[in-house]
Structures are given as structure tokens and as C-alpha cells.
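**Q** Residue numbers (my numbering), protein chains in the order written: chain A, -1 to 322; chain B, -1 to 322.
Simulated from the structure, these hints should not be mistaken for lab results. There's no promise every hint is true.
Any copy will do: because identical chains look the same in the list, a pair fits if it lies in one copy or spans two.
[As the list claims (entries may be wrong)] Taking lysine-lysine and the BS3-like style, the derived pairs with C-alpha atoms no more than 30 Å apart in a straight line are: (1) Lys118 with Lys55; (2) Lys118 with Lys268; (3) Lys231 with Lys315; (4) Lys249 with Lys14; (5) Lys1 with Lys280; (6) Lys94 with Lys232; (7) Lys14 with Lys161; (8) Lys231 with Lys20; (9) Lys231 with Lys123; (10) Lys20 with Lys248; (11) Lys232 with Lys23; (12) Lys270 with Lys1; (13) Lys118 with Lys94; (14) Lys248 with Lys118; (15) Lys20 with Lys161; (16) Lys231 with Lys94; (17) Lys315 with Lys15; (18) Lys30 with Lys161; (19) Lys244 with Lys261; (20) Lys15 with Lys123; (21) Lys123 with Lys55; (22) Lys23 with Lys265; (23) Lys161 with Lys95; (24) Lys15 with Lys161; (25) Lys232 with Lys95; (26) Lys95 with Lys231; (27) Lys248 with Lys231; (28) Lys14 with Lys265.
Since we're looking at a predicted model, the values are computed, not measured.
These are the residues of each chain, in order.
Number of protein chains: 2
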Amino acid sequence: MEKIVYYISIIEEELKKILTQKEPKELYLPIKYSLELGGKRIRPALLMLSNNLFGGKDSDAINAALAIEVFHNFTLLHDDIMDDAPLRRGYDTVYKKWGSNIAILSGDVMFVHSIQLLAKSDPNKLTEILPLFNTTAVEVCEGQQYDMNFETLQNVSIDDYLKMIELKTAVLLAASLKIGAIIGDTSLENANHIYEFGRNLGVAFQLMDDILDLYGDPEKFGKQVGGDIIANKKTYLLLKAQELAKGDLKKELEFSLSSTALKNDAKVEKVKDLFNQLNIRKLAEDEMNLFYNSAISHLDSIDAPKEKKQVFENFAKSLMNREN
Amino acid sequence: MEKIVYYISIIEEELKKILTQKEPKELYLPIKYSLELGGKRIRPALLMLSNNLFGGKDSDAINAALAIEVFHNFTLLHDDIMDDAPLRRGYDTVYKKWGSNIAILSGDVMFVHSIQLLAKSDPNKLTEILPLFNTTAVEVCEGQQYDMNFETLQNVSIDDYLKMIELKTAVLLAASLKIGAIIGDTSLENANHIYEFGRNLGVAFQLMDDILDLYGDPEKFGKQVGGDIIANKKTYLLLKAQELAKGDLKKELEFSLSSTALKNDAKVEKVKDLFNQLNIRKLAEDEMNLFYNSAISHLDSIDAPKEKKQVFENFAKSLMNREN
């Protein structure tokens, strides 16, 4: 993991350099604030790591890596407005702190900044990475739209859900890795394998999120266990349960979800009990492992030194063994 | 003017081709709606015309022209949220029709689409036009922020105001012309002259807007005469009046602006009378003519056939002689 930690520190350092205090400050202060709020910087670090895997120079990849991080934070600014979210990483969201107008416009500028950073890449690479970046950006927006649609939709299939998390979460991870690979000047085959590694890992990561929300260790999870159930959030667990439940079990499930008489704790306990009867945890873990194994299989197919690929496998494993 | 009309029709035709009905429809229907609402398509037509002036092929410039039009409409989608605007070109705004979340996200996708269209340009040109496009996009956002700041600011200078309208309105017109010039493969000098032609013309156009709002022919203007005064909008006219008014005149002006006792018509009449005492119309026209003449002088400096430049001068004249 050392190499990732190294790249994360590089990203932090370089981000500081681009955070100038420009005018009008109403526009640029929220950008600085949002980029200084932290975040794990996983995507840009993986871009650098992927470039390194194929023998690329760090200096050739750094601007594209920063572009990914700025783009990701732009999506958070706009998502927080749409989700009416007051907190992000324990701090006020830009939306909460300055209002939606500022969050819209600062977000727009961050989006332009991400393209500006990307455009600093080698022109010969830009013709490949710019279209990939753009396609990914559209997909992330589509994922957000599907996620919003699901809130009011009666019937969401497992396939719909998997597609949504792929678009909203996985493709940006995948594109980060592929952009690194392209800058690292590897074969199209390798670039596609590392994209698929990221895409499958991203979906597995999100499924793990769904599982941890209910089955995580309360001491280590750091959030209210069962928060998704309380909010009637359409997670993999709930959608799978709705797909499998029949007869009385189905009635009980729908009653527990819609009843206003049930207190939060009782609702979580009741729904968890129904999930257990349907073996939902195991089914979700099986699905997650399918994606995880597919990720690893694509990693194995990459033509690169095994010892250099090890850090990617270690990273993937750490995502699957996390407790929060 | 025929050549501009021709290019406008080309833009309309090509826009229809890119308006596919994709999924999720909640995201793509508003995009289609906003691009079909019309608009004068002046910016993309001028881009095509500029490319043509320097001997470029239409097919080389069409994607950049569409990029400018899609970008411009993206800014309208987001501006309408920020300005709480119910109507655009006589129809419901996307914001009004579908809500702010849809307007934010559809706008974001339109922004990506504009970059996608631009990226279809010749890679050798893209390295020049993408940075110009990005810089301009940031400037347009800065202009919108200054405009919002001015609403609550006590002291706005004429210079601040001119800078704001330059950023919010003029630079996109200027960049459209320069991008056309770059694709048309002309000298940097010519490209800069046509940029300055557009920038100065854009500012003159906005000053004309301010003048028409109060001094336009009510029969031809199509909007309520004096609407800016009723809304206490900080236009060139008002800022100039506030700069020049002293003593009793100053008191009368501030009273008319802040009094809630005055009915709209009376307020417009009173402020117009004060403006007349200060000779504001003439001063605004002088300022506008400075920018207009500067635009024409840059046009004259462009090394291109005089007869081909005539259409730009005719267009500039038509903007200055309009009545609405």
C-alpha cells in the first residue's frame, strides 16, 4: 500500500498549488473550501499508480490525476444540492454554507478547471483521454439521475440498481485507471483490462457499502446501523428481498417499510429479521464476490510485472476487508 | 446579412441532428427542450462566418459552432435557476418546468456535450481552441457571479459594471469569432483583431440594451419600458447617474429608488426626468459608440478581403440600429 499512500501525498501537495485565491472570492473561496475538505484522493492516486504500472512518468500523469479529483469534487458540490445534504466529511457542504446558487456556479467553474487540467496533458494523449473523460462525465450524471429517479419509482430491478451504481460510482474509478494506462502508453488491451478491474471493483465496493450499512460492526461503522432501512433506501439488500419475498413474508416486508407506527430501531430489527429469513446477506456477498473476482481476473490478465500488480490486488482486498 | 442567415439555418439543421432521445429521459428531454426553444444562434453563426472569412471550410467549423451554442444554452439553464427566472423566450424555463435539480444536472450534461462537440475539431486546432474555450467558460461564470454580487452591493463603479458585462456577455461572442478564425487557419494577429471586434461589440450591445430599456419605442420594444428602473437594476444608466448626481439631485434620485410610495409608472417618469437632467442618455450613447468604434477599428485592421468583411460591419450596424 505504500505506493498509494505516496501518490495520495503527492496529490495533496499538488492540489494545494492550484488553490489560488482569485476574484470574485464568492466563487473561488467555496472551490478552495471543497478541495481542502479532504477526501481519500483514491481516484487520482490510482490514476498515478496505473500510469506507473505501465512505466509512465509521474509528471506526465499528475495533471490528469488532479483533473479527476477536481471533477469528482464538482459532482459532490452539485449532488449535495440535489440531495439537500447538510454535511460532507463532517463539515457543512458548500450548498449548506453558501447556498445553492454559489454551489451551482462554483461547481461549474470546478468542472471547467478539471478540463483545463486535463488539457495540460500531452496533446497526443489528449485525443484519447478527453473523449473518455467526457463519456465518463456524462455517465456519472446519468447515474445521479437514475439514483434520483429510483427514490420515487415503485419497481426498481436488481439490474437497474447495478447499472445505476456502475454509472454513479464505478465508471469514474475505471476511467481514472484507464487514463493512467493511456498516459503510461500501454496497449489498448491492458488499458481495457485495468478499466474493467476498476469498474468491477467499484460495483463490489458499493455493494459492500450496502452490506456494511446493516451488518457492519456498530463500534467500527461510525454511522447509524441500518440507516438505509430507516430511510427506505433502495439498496441491493432491499431490492433483492423485494424480489424474493412471497406471500406473508412479502406482506410483512411491505408493512415494515411503510408503517409509521414502527420506531426506527424496531423497524431495523424487523426488516433485518426478514432479510435473514431470505438469506439476503449471503446473496449480496455472493453478488459482491462475483464483481470482486471479475475485477481480480481482469487484473491478472494485464500484461505487466506481477510484483507491480500486487499493490492493486492489495488495494482491492483492503476495500473488501474494510469495516466502515 | 444573407451569409449569416445561411449559417443560422445550417446551425438549426445540425442542432436537430444531435438532439437524440436518450435515456434517462428525465435528463435528456430538458436538453432537447432547451435547444429547441430557439434563440438567435448568433454566436455559432458568427463562428462559421469568421472561419469562412479566412477561407476555412464550413465542415471544419460546424462542431465548434455547435459546441458554442450548447455551452451558451447550458449557461442559460443554470442562470435561470440562480435568477429564479420563470420564462425564457416566452416559454417556461427548464428550471420552472422541471425544477432546479433537473436544471442543474441537465445543464451539467450540456456542458459535457459542448466539450464533446469541440473535441471533434482537428486535433491540431484543438490544442489552441480548447484552452480559449475553457478560459472563456470560466470568465462567463465569473461574470455571472459579479452580476449576482452587484444585486446586494452598495457601490458598483462604472468600471466594475463594464468588466461584468464584458465577462458575462462579450467574451463568449469574442471567443466564438476567434475560434472560427483559428479553425480558418489565419494569423494570430487576425484572430486577436476579430476577438477584439467581438468583445467591443458585445459590450456596445449590452449598453444598447440598457439604453433601449428606458428609451426604446414602447410599441417596438416588446417589454415594459423602464423595467430596469422598476427593478432597481444597476445598469450603466443608473450607475452613471449615481456617479454624477450631487446635492438635491442625488437626494431625489436615492429617494425615487428607495421609496415604496411611488407607483411603478411614476417611478420610471421621475427617474427618467433625473436622468435627463444629467444627460445620461447621451453619455451612455457616447460610451456605447466608443466600444462600437473600437470594434469597427479592429475589424478594419483584419487582413482579409474588404467585401468579405462587409457582412461583419453590416451585422454590427444592425445590432446598433435595432429597436428591441
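**Q** Indicate, hint by hint, whether the structure satisfies it.
**A** Outcome of the hint check:
1. Lys118 with Lys55: Answer is both; intra-copy 15 Å and inter-copy 28 Å each pass.
2. Lys118 with Lys268: Neither. Shortest intra-copy (55 Å) and inter-copy (55 Å) distances fail the 30 Å Cα cut-off.
3. Lys231 with Lys315: within (27 Å within a copy, 59 Å between copies)
4. Lys249 with Lys14: Classified as neither: same-chain Cα gap 55 Å, cross-chain 49 Å, threshold 30 Å.
5. Lys1 with Lys280: neither (34 Å within a copy, 68 Å between copies)
6. Lys94 with Lys232: both (25 Å within a copy, 28 Å between copies)
7. Lys14 with Lys161: between (35 Å within a copy, 29 Å between copies)
8. Lys231 with Lys20: Answer is between; shortest inter-copy Cα gap is 26 Å, intra-copy 40 Å.
9. Lys231 with Lys123: neither (41 Å within a copy, 48 Å between copies)
10. Lys20 with Lys248: Answer is neither: 57 Å inside a copy and 35 Å across each miss the 30 Å cutoff.
11. Lys232 with Lys23: Result: close only across copies, 21 Å inter versus 40 Å intra.
12. Lys270 with Lys1: neither (40 Å within a copy, 69 Å between copies)
13. Lys118 with Lys94: For Lys118 and Lys94, neither the intra-copy (33 Å) nor the inter-copy (38 Å) Cα distance is at most 30 Å.
14. Lys248 with Lys118: neither (55 Å within a copy, 52 Å between copies)
15. Lys20 with Lys161: Result: close only across copies, 15 Å inter versus 39 Å intra.
16. Lys231 with Lys94: Classified as both; 23 Å inside a copy, 28 Å across copies.
17. Lys315 with Lys15: neither (32 Å within a copy, 46 Å between copies)
18. Lys30 with Lys161: between (33 Å within a copy, 24 Å between copies)
19. Lys244 with Lys261: Only inside one copy: Lys244 and Lys261 sit 24 Å apart there, 68 Å across copies, limit 30 Å.
20. Lys15 with Lys123: both (24 Å within a copy, 29 Å between copies)
21. Lys123 with Lys55: both (14 Å within a copy, 26 Å between copies)
22. Lys23 with Lys265: neither (47 Å within a copy, 35 Å between copies)
23. Lys161 with Lys95: between (33 Å within a copy, 28 Å between copies)
24. Lys15 with Lys161: between (37 Å within a copy, 27 Å between copies)
25. Lys232 with Lys95: both (29 Å within a copy, 27 Å between copies)
26. Lys95 with Lys231: both (26 Å within a copy, 27 Å between copies)
27. Lys248 with Lys231: within (17 Å within a copy, 60 Å between copies)
28. Lys14 with Lys265: Neither way: Lys14 and Lys265 sit 45 Å apart in one copy and 51 Å across, limit 30 Å.
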